[in-house]
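The opening residue of the sequence shown carries number 38 in my numbering; numbering runs sequentially from there.
None of these hints come from the bench; they were simulated from the model. Glycine included, C-beta positions come from ideal geometry on N, C-alpha and C. Mixed in with the good hints, there may be bad ones.
[As the list claims (entries may be wrong)] Cβ pair distances, simulated, as ranges:
#1 81 with 110: 16 to 26 Å
#2 52 with 116: 29 to 39 Å
#3 155 with 199: 14 to 24 Å
#4 73 with 186: 23 to 33 Å
#5 135 with 199: 32 to 42 Å
#6 130 with 92: 19 to 29 Å
#7 112 with 206: 30 to 40 Å
#8 77 with 53: 15 to 25 Å
#9 92 with 69: 14 to 24 Å
#10 107 with 138: 18 to 28 Å
#11 155 with 76: 18 to 28 Å
#12 72 with 120: 30 to 40 Å
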Amino acid sequence: VVGSGVQAHHPVTDGAARLLLLEGLAGIGKTSVLDAITAQLGASGLRTVRVSLTAAETVLSWAGLISLCGQLRSGAREVLPSAQREALAAALGGEGVREVEPMLVAAALAGLVAAEVAEHAPLLVVVDDVHWLDQASASALAFTIRSMASMSVAFAIASRPERRPLEPERLLA
Numbered sequence: 038v039v040g041s042g043v044q045a046h047h048p049v050t051d052g053a054a055r056l057l058l059l060e061g062l063a064g065i066g067k068t069s070v071l072d073a074i075t076a077q078l079g080a081s082g083l084r085t086v087r088v089s090l091t092a093a094e095t096v097l098s099w100a101g102l103i104s105l106c107g108q109l110r111s112g113a114r115e116v117l118p119s120a121q122r123e124a125l126a127a128a129l130g131g132e133g134v135r136e137v138e139p140m141l142v143a144a145a146l147a148g149l150v151a152a153e154v155a156e157h158a159p160l161l162v163v164v165d166d167v168h169w170l171d172q173a174s175a176s177a178l179a180f181t182i183r184s185m186a187s188m189s190v191a192f193a194i195a196s197r198p199e200r201r202p203l204e205p206e207r208l209l210a
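When you get a sec, could you build the whole thing from the sequences and use the hints?
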């Protein structure tokens, strides 16, 4: 109940992650639905981070990760294990050209999202047009979603049916 002095109840405050998949053809209003969800939940105090890429970014490895990490607390990176921190820095375009270990990047992203939930629970992660998400970021996000099963976080994902770089329905109930 917003505005009555009683804290709003969010469905993700029970310590179980939730996932909403909006799937449909181009132009039917998936982004508008995500905007409405974000506005309503944001007005009640839910912290939201959002990733929205375009077709041109699909071929850019880690584009989605860069977008997402830019909205998460950068200070949380300091508490990541050094291998994860270094892999994340490489994926984000840090100094020096190094080979990126995708599993370490995925673990780092999960650690950053968990830190964000610990500080700002509940958390809403919105991925608009997941079909444009690059495969490297999609894999790291899929790992993160699965690892959040017992946390106060919700994922709202919009996709076209013909291309999904991850399978949201297989990640959480």
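Hints, verified against the model:
{"no.": "1", "hint": "81 with 110: 16 to 26 Å", "in the structure": "holds (21 Å)"}
{"no.": "2", "hint": "52 with 116: 29 to 39 Å", "in the structure": "violated (22 Å)"}
{"no.": "3", "hint": "155 with 199: 14 to 24 Å", "in the structure": "violated (37 Å)"}
{"no.": "4", "hint": "73 with 186: 23 to 33 Å", "in the structure": "holds (26 Å)"}
{"no.": "5", "hint": "135 with 199: 32 to 42 Å", "in the structure": "holds (35 Å)"}
{"no.": "6", "hint": "130 with 92: 19 to 29 Å", "in the structure": "holds (21 Å)"}
{"no.": "7", "hint": "112 with 206: 30 to 40 Å", "in the structure": "holds (34 Å)"}
{"no.": "8", "hint": "77 with 53: 15 to 25 Å", "in the structure": "holds (20 Å)"}
{"no.": "9", "hint": "92 with 69: 14 to 24 Å", "in the structure": "holds (19 Å)"}
{"no.": "10", "hint": "107 with 138: 18 to 28 Å", "in the structure": "holds (21 Å)"}
{"no.": "11", "hint": "155 with 76: 18 to 28 Å", "in the structure": "holds (25 Å)"}
{"no.": "12", "hint": "72 with 120: 30 to 40 Å", "in the structure": "holds (38 Å)"}
Checked against the numbered hints listed earlier, the structure breaks hints 2 and 3; every other hint is satisfied.
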